[in-house]
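Let the sequences and hints guide you as you build the complete structure.
Residue strings, one per chain:
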Amino acid sequence: MPRRDELTTTGSRYLSAATAGAAVLLGAFAATQAVAQEPSLPAAYNHTLAHPTDYDFAFALAHRASDANDPELAINVLERMVAYNPKLNRAKYEAGVAYFRLGSYEMAVQYFQQVLADPAADADLRSRADAYLSAAQRQRLQSRWSVYAQTGVRYQSNAGSVPDGGNILVQGTPFAVTGTSANKGAWSAFGLLSVGHDYDFQNQRGDVFETRFTGFASEHFKLNAYNIGFAELSLGPKLGLDIAGMPGASIKPYVVGGAASVGNSYYTSDVGAGVVAHLPVSQTVSIDPGFDWRRADVHLLANAPSTLLATGNYYTTGASVSWQLASNIVLQVGGSYHQGVGQRIWDRFDGATAETSLKIDFAPPIDSIPRRWSIAPFVKYSTYNFSNPNPFVDPLNARHDRFYAVGGTLDAAITANFGIGIGVQYAKTASNISNYKVKDVSVSVGPTFRY
Amino acid sequence: MKTQVLPRALRSSVGRYVVAVVAAAIALSSQAVAQKAGIIASANPSAVTTAPGGSMRTATVGADVVMREKLETKGEGTLQVALLDQSMFNLGSNSSVVIDEFVYNPSAGAGKLSATMTKGVMRFVGGQVSHTDGATIKTPTATIGIRGGVVTFAYDPKGNLLVVLHYGSAALNGISGTHAMLTRPGFGIIVGTNGVLGEAFLVPDSLIQQWVNKIETKLGQNGGVATPPTDAQGGRHGIGDPKLPDVALPATTFFSIVGRGDNLANGLAGSKQLNSIPPLANVVPPVQQVVRPVPNCVTSCSVLSTKP
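From first to last, the protein sequence lines stand for chains A and B.
The numbering used here numbers the first residue of the first sequence as 1 and each following residue consecutively.
The numbering used here numbers the first residue of the second sequence as 452 and each following residue consecutively.
No wet-lab data here; the hints were simulated from the structure.
Worth double-checking, as some hints may not be accurate.
Cut-off 30 Å, straight-line C-alpha distance, at most; resulting in silico cross-link-like pairs (DSSO-like, lysine-lysine) [as the list claims (entries may be wrong)]:
#, chain 1, residue 1, chain 2, residue 2
1, A, K87, B, K525
2, B, K487, B, K570
3, A, K87, B, K570
4, A, K87, B, K563
Here chain B is said to cover these stretches of chain A; the calculated rule only asks that three of the stretch's residues, wherever they fall, bring their Cβ under 8 Å from a Cβ of chain B [unchecked claim]:
#, stretch
5, 82-88
6, 365-378
Where a beta carbon is used, it is the ideal one built from N, C-alpha and C, also for glycine.
So this is what it looks like as C-alpha cells:
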C-alpha cells in the first residue's frame with residue numbers, strides 16, 4: 001500500500017499538472033480573446049487611412065496581413081512606410097518577402113538587393129535577405145536545379161518484419177518464426193537523394209520541363225541481407241493551363257522508371273507513366289488530381305508465391321488537396337484508389353489510401369539561422385484487399401490488410417544549405433492472416449543538405 | 452378667394468418642393484462629385500492634385516482624394532494614393548493619373564475602379580475591387596483590365612507604354628483592335644503609340660529596377676511626414692523577422708521513400724523467416740521463392756507524393 005506521503009506527493013504532482021494544464025488553457029483562451037479583440041483587417045486598414053502616421057499600428061497591420069496570407073495588404077502598408085523613410089531595411093525586406101510569396105520574384109529581387117546594398121543593414125537581416133535573394137533569383141533562371149539530401153542512421157524496432165504473434169502460415173499450417181529472423185531491432189545507415197531540374201521555356205503559360213531523380217540506399221550494421229538500394233527517374237513537361245480565374249493551373253504528363261536491389265542483388269525494375277494536374281482553386285487552396293501506372297518486373301525471387309512486389313501492373317488514381325492555413329502552416333489531405341494486377345491471381349488486389357499531413361514552419365531559436373525550421377506530423381491509412389487466396393500461405397482465405405502509420409519529421413536548418421533532419425514513424429498492419437500482422441517503430445536522424 | 456388662395460398656396464408649395472428637389476439633386480450631385488476614394492498616403496515634392504472643379508493643390512499626407520481627381524508628379528516628385536478598398540497607386544516622377552471612377556461597397560467587398568494614365572510610371576497594387584469586379588486602367592493607346600493583381604505601367608520617352616504584370620492577370624486591349632493577356636509574373640507587353648500590342652516577354656531586372664527607382668522616395672526625402680518611422684519600430688512588430696520557408700521533403704514523401712525501401716527488405720525477411728522453420732523444406736518449394744508481402748505500395752504510393 002502506498003504511504004501517506006507518497007499519496008501526497010502523487011496528489012501534488014496531479015495537482016501541479018492540472019494547474020499547469022489549466023494555466024495553458026487559460027493562456028490559450030486569453031490569447032484567443034486578444035485576437036478576437038483586434039479589429040478586422042479592413043477596419044485596421046481604415047485606421048491607417050485616418051491616421052497615416054500611426055506607424056506602430058501600421059507595422060502591426062502589415063505583420064497581421066502577412067500572417068493572414070494577404071501579401072497585397074502587407075505590400076500596401078509597407079510601401080507606405082518605405083515612402084516615409086527609404087532606409088527602412090526591415091520594411092523593404094518584408095515587402096520583398098510579400099512579393100516573393102505572390103510569385104513576383106522580379107519585385108522581390110529589387111527589395112532584397114536594396115537591403116543588401118545598404119551597409120547599415122544588420123548582419124542577421126542581411127543573411128535572411130541573401131537566402132531569399134538566392135531563392136528568388138533562381139526562380140528567374142531558365143535552367144533551375146534543386147537538391148535535397150539526407151544521410152544518417154536509422155533504428156527499426158522490427159527490421160526483420162517478424163509477425164506480431166511470431167507465427168506464419170504455410171499452406172494453412174502455422175509455424176513459429178525462430179532464430180535470427182526473430183531478431184527484431186536493428187540499426188542501419190541510410191542516404192536519400194532527391195534532385196530536381198526545371199527547364200523553364202519562359203513563355204507566358206509557364207511551361208516547364210521537369211526532371212526528377214530520387215535515390216535511396218541503406219546499409220544495415222548487422223542484418224546485411226536487408227541492405228536496400230533503389231533509384232527512380234521521371235521526366236515530363238508541366239504545361240500551363242489557360243483556365244479562367246485559375247492562374248498557375250498546369251497539367252503534367254510524365255514517364256517514370258526505376259530499379260532496386262536488395263541484399264546487394266538486383267531485385268526489381270519498373271517503368272510507367274502518369275499525369276498529374278495542379279489546380280489552384282484559390283490563393284490558398286490547390287487540388288492535384290493524378291493517375292499513375294507502373295509495370296513492375298521482379299527479377300530476384302521472381303517465383304515468390306505472394307508479394308506486393310510481384311511482376312505485374314499497378315495503378316493509382318487520386319487527388320491531394322493543399323491548403324495554406326496561414327503563412328507558415330500548410331495542411332495536405334490526400335486520397336487514392338490503387339489496384340495491383342499481378343500475373344498470378346493471388347497477386348491481385350485493390351484498396352484505398354487516405355493520408356493527411358500538416359507542415360508547420362517556425363522560427364529557429366537562433367536569429368542568425370536564415371531559414372525556418374519545420375515540423376510535419378502525418379497520419380496515413382491504407383487498405384489492401386486481395387481477390388483470391390494464396391495457396392502457398394492460406395488456401396482458404398484471401399488476404400485483407402489495413403495499414404496504419406503515424407509519425408512526423410523535424411527539419412532544422414543550421415545554415416541556408418545544411419541542417420539536421422529527424423523522422424519518427426509508428427506503423428502497424430492489421431491483417432486477417434497472421435503472416436502480415438506487423439508493427440514497427442522507426443527513428444532516423446542525420447544531417448541534411450539542400451540547394 | 453379660397454379657390455384662389457389654395458391654388459396660390461399649392462403653387463407656392465409646389466415651388467418649394469421643386470426648389471427642395473433641385474437643391475437636393477444638386478447637393479447629391481455635389482456629393483457624388485466629391486465622393487471620397489482614398490487619401491494621399493505619401494507625397495514627395497513636387498506632387499500635386501486637382502479635384503474636379505477645384506484648383507491645383509500640393510499633395511499632403513492624409514488629404515482626401517475624390518473621384519475624378521487628377522494626380523500629378525513633376526521633377527523628383529512621387530505620390531502614393533491609398534484607396535478605401537486597399538488598392539494603391541504608386542506614381543513615379545513626371546506622371547499623371549486621373550481616378551475616373553471609384554465605387555466601393557465594403558460589406559460586399561466589391562465595386563468599380565477605373566483610372567486614366569497619360570504619362571510617367573505607376574505601380575498599381577490591387578485591393579478588394581480588383582479582386583472581385585476588376586479594375587481598369589485606361590491609357591491613350593490601350594485599356595488594361597486587372598484581376599487581383601499588381602501591375603507596373605511605364606511610358607518610354609517615345610510614348611510607348613510597357614505593362615508589366617507582377618501578380619494576378621491583366622487583359623490588354625489596344626486601340627488598334629489587338630488584344631493580349633498577361634498571366635505570368637515578370638512578363639510584360641509593349642503597347643506602341645499606334646495601339647498595337649507586342650509579344651509578351653520576360654522583362655529584364657534592369658528595367659524593373661529603373662521604374663522602382665522612379666517610384667521610390669529618394670534619400671533625403673520623407674514622403675511628406677514630419678517624423679518618419681524607424682526600423683526599430685518595425686522590428687518591435689516582427690517586421691523583418693520572417694525567414695525563408697523550409698524546403699525539406701514533405702514528411703509523407705520522406706516516409707514514402709523510406710517505406711519503399713522497407714517493402715523491398717520485407718520480401719527477403721519473409722524468406723528468412725521461412726528458412727528458420729525446419730519442416731518447411733518438406734512442404735514448400737525452395738525457400739528463396741517464398742516471400743512475405745507487406746501492405747505498402749510497390750512504388751512510392753503516398754498520394755501526397757505521387758507527383759514525380
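Output the numbers, in ascending order, of every earlier hint that fails for this structure.
-> Those not satisfied come down to hint 4.
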